[in-house]
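**Student:** The chain contents come next:
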Amino acid sequence: MNVKHISSTLKTLFTRLILPAAAALSISAHAAQPLKIGYSDWPGWVAWQVAIDKGWFKEAGVPVTFEWFDYSASMDAFAAGKIDAVTMTNGDALVTGAAGGKSVMVMLTDYSNGNDMIIGKPGVRSIKDLKGKKVAVEMGFVEHLLLLNGLKKAGMKESDVTLVNAKTNEMPQMLASGDVVAIGAWQPIAGQTMKSVPGARPIYTSADEPGLIYDVLAVNPASAKQRRADWIKVVKVWDRVVKYINDPKTQPDAVKIMAARVGVSPETYLPLLKGTRLLSLDEAKKIYVKGDGFKTLYGSSKIADEFNVANDVYKSPQDLDSYLDASFTNAK
Amino acid sequence: MSLIAKLTDSETRKRALLGIGSFLLPLLVWSLVSYVPFIWHPKVEVTVPGGVDYFQVGMLVDRVQFEDEVAYAREQHLALPAGKPANPIYLPAPHEVAKAFYTGFTKPPVQKDAPWLHESLWHSIQIIFWGFLISSLIGVPLGILAGTYTTFARLSEPFIEYFRYLPAPAFGALAVAILGIYDGPKIAIIVIGTLFQQVLIIANTTRKLEATIIEAARTLGARGVKLLTKVVVPGILPDLYRDQRILLGWAWTYLIVAELIGTSSGITFYITQQARYQHFDNVYAAIMIIGIIGFGTDLILGGLGRRLFPWDRAQDRR
Amino acid sequence: MNPNTSLSYLDQSADVKARFDRINQRETILEVRNLGKRFRSQQGEVEALRGINFSVRRREFVCVIGPSGCGKSTLIRILAGLESHTSGDVLLDGKPVKGPGQDRGMVFQGYSLFPWLTVKKNVMFGPQMNGRSHDEAERDARLWLDLVGLDKFADAYPHQLSGGMRQRVAIARALVNQPRILLMDEPFGALDAQTRAKMQSHLIDIWKNIDVTVLFITHDLDEAIYLADRILVLKAHPGEVQEVIEVPVPRPRTPAQFNSPEFRATKARLEELIHPAPEPESEDEQAVQPHLIRFTNVMDNVE
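Protein chains in written order, with the numbering used here: chain A, 487 to 818; chain B, 2 to 319; chain C, 91 to 393.
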């Protein structure tokens with residue numbers, strides 16, 4: 487999914503030096519105020535809109551304010567300590583944390599179930615067809631990880647393909663140009679690519695490796711500690727949201743609310759929702775356990791951490807235990 | 002006298018006609034490209050998928066590829082696909098944009114509590130207003146000082162020259178850290194994007210004031226602050242006003258990055274969002290709204306300028 | 091000297107001589123002593139003025155004339171206080187000049203009116219800068235506009251006026267401060283011949299009626315002789331005083347005197363001093379060599 491590590495050096499500089507200081511100053515000011523949560527345009531997070539529109543937070547007795555952001559802007563705001571929590575991927579939580587914006591992942595919202603994909607041009611039908619060819623991905627980002635995962639499953643190595651670094655936004659043109667045989671992109675850019683290069687099809691997606699990318703609600707550690715009871719209430723509201731979206735009777739209403747949030751028609755939005763596997767509390771409890779591999783949040787985060795270090799997104803491995811705390815999800 | 006009056010009258014009419022023509026001409030080109038099937042239309046919109054496995058109704062395919070598939074289907078005795086010439090998705094037809102323009106203002110937003118289009122627009126205008134006001138409050142005096150006093154210019158201009166090349170959007174994260182997530186950082190980006198150019202442009206304008214005007218004032222007894230307020234400032238005012246009109250347009254171009262910083266809001270965020278989901282009719286409608294606002298403001302300011310500076314004949318020229 | 095002219099420019103009639111005696115008895119307004127000006131340019135150090143000595147008596151009309159490069163503009167700008175000098179003294183009423191001041195009025199060739207002010211407000215500018223109230227300044231402005239004949243144009247903007255009218259405003263604007271001396275830097279240089287003649291007569295009229303001393307720079311010999319009591323002739327590179335000529339043409343002056351013997355004798359002397367080619371060609375101009383090809387039929391002669 488949309489992992490976006492902070493790309494420009496300038497920005498990194500600010501994030502490393504200035505933002506932590508600003509964050510430290512502003513944490514205490516948030517006590518007893520509504521929890522401020524930043525969310526952005528990804529189906530698993532737009533889902534919160536259902537609870538907002540239905541007034542479920544009020545019913546649960548927890549004051550929250552949701553702020554709508556562009557994804558990378560939401561991480562900037564979180565790193566700057568301007569919001570108490572943000573929705574992001576587990577990998578990005580590590581990247582943001584490495585730059586100074588530490589967080590606790592209090593709950594899982596979903597995992598990408600096909601919305602991230604490697605798309606081959608017409609004629610390319612499987613990962614094996616990529617051998618010795620050029621593939622465009624945004625290096626260090628999640629589609630890069632997805633490709634490596636696919637290559638490994640096909641019994642290949644990274645060196646079996648030639649990687650071309652390109653911006654995810656430019657992938658449709660990259661594939662259309664014919665210079666590469668496959669690209670990596672997430673929705674809605676992936677859909678855009680397939681529309682602009684008819685005959686292009688996904689050859690490997692996040693549905694082939696569930697748990698490669700988990701999406702979480704990451705909370706400022708101080709707020710997680712001070713407002714623990716409130717965060718547990720937020721987690722409970724999420725369970726209600728997932729049930730409402732997954733129930734066929736209420737799903738159309740849910741999709742309508744979510745589509746309205748991003749300004750498209752429900753018909754356009756429904757396929758995007760399909761590529762996202764929303765996680766109920768019970769499902770999340772099974773994933774939020776210690777273990778290796780993609781089946782658990784611990785394992786997935788460890789792989790993401792290793793990938794980030796290997797690709798120089800940050801220098802040294804993160805202390806995963808400080809990011810992961812299943813007690814909110816498991817609370818009675 | 003009446004002859005001159007007639008001449009100028011026909012002159013104005015001619016100018017007005019040309020002005021309208023300058024808008025109609027691009028519209029005509031756009032209409033031709035959109036409505037005449039054999040002009041451009043590099044794509045084919047599939048109406049009947051036929052036997053081609055990946056074709057769907059409404060899909061846009063390159064013409065060459067479509068013809069290829071038709072030939073292949075014929076060869077294989079499959080059901081023939083059908084389609085009609087179409088333009089790429091990023092070029093909607095004028096009537097589609099006009100419709101999006103109309104519904105944008107008349108249809109209530111689907112989402113509860115979401116702002117109407119005009120509310121988004123008003124929000125953006127406020128961002129521009131405050132950003133430009135703050136920038137001007139700092140930039141205009143600095144520019145005049147730098148243009149008047151060489152020492153001041155030498156002290157300030159090298160840094161400003163350097164700083165103006167720094168990309169304003171890169172300061173987004175810093176602006177959020179200092180000013181919060183709402184309008185503060187957006188206004189800050191407008192200020193950063195405008196201010197440095199403003200100082201340099203206004204300093205230059207100030208330098209262009211005729212030296213003998215200042216010398217004349219000095220021989221008449223003006224000095225110090227009075228020389229600045231009674232001679233330099235009024236002397237450059239019409240040009241300063243013109244500069245400000247140009248810089249205001251500049252501020253608008255920074256709006257699109259400003260509105261992606263902090264919480265998302267405003268007209269250009271609407272554009273970004275709609276473009277992401279390929280609703281280009283809405284995108285163009287919103288772009289046109291900005292164009293109308295910008296152009297309208299400039300026309301009004303231009304008219305105002307002619308009233309404010311009756312001595313400055315350059316204000317009449319456009 | 092021209093042997094055909096029986097009259098020398100040095101010969102003065104009794105009336106003229108008596109007038110100069112009277113002038114010389116008046117107090118000195120402006121005294122320039124051993125004035126020098128050097129400045130650095132890209133070509134190295136340039137000496138613009140060297141050892142300039144002269145004085146101007148009260149209500150005297152002095153013209154400064156000289157070839158281009160003689161530093162006459164530099165001289166007047168130093169007197170106005172717009173430029174500094176590197177040696178010598180400039181004394182106004184015995185006191186050294188430091189910077190511009192209202193005791194010296196200046197009229198520029200390019201008018202230099204304030205385009206954003208109406209004619210009246212242009213004239214009011216000086217008094218207001220010197221602490222007069224709005225009403226006083228307006229009263230003075232009206233008076234002086236009346237004097238230069240522009241009372242009807244008080245509310246017009248400078249761009250609405252002709253060149254001659256603009257220069258009248260500039261004169262009124264300089265005189266309203268009641269300066270001890272009026273410095274004029276080729277004020278009529280940009281005007282057409284007819285307007286220029288009119289302005290010359292007008293200036294003489296003003297000078298006759300007002301207690302003002304005039305130092306007037308020009309490159310027009312006729313203008314200098316027509317206007318001046320004395321003419322300061324400068325030479326170029328460096329600018330030095332070549333001669334001070336007491337103009338023998340009797341007053342009151344009229345354009346009819348342009349053919350009088352005194353006038354012609356003075357002009358002959360000035361031409362001799364400044365050389366017949368008034369403006370020596372610069373190297374750039376010498377490099378311009380027109381290469382004329384005939385574009386018309388050989389039979390189609392115009393001469």
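Hint data in this document are derived by calculation from the structure and do not stem from the laboratory.
Nothing here was measured: the structure is a model prediction, and the numbers come from that model.
Built from N, CA and C at the ideal position, the CB exists for glycine as well.
Please note: incorrect hints may appear among the correct ones.
Claimed, not checked - To give an idea of the interface, some chain A residues facing chain B are shown, with a C-beta separation under 8 Å as derived from the structure: (1) P549; (2) T551; (3) E553; (4) D562; (5) P674; (6) G685; (7) V748; (8) E753; (9) T754; (10) K760; (11) R763.
**Student:** So, for every hint listed, does it hold in this structure?
**Tutor:** Hint check results:
no., hint, verdict
1, P549, "17 Å, violated"
2, T551, "10 Å, violated"
3, E553, "5 Å, holds"
4, D562, "4 Å, holds"
5, P674, "6 Å, holds"
6, G685, "5 Å, holds"
7, V748, "7 Å, holds"
8, E753, "12 Å, violated"
9, T754, "7 Å, holds"
10, K760, "16 Å, violated"
11, R763, "22 Å, violated"
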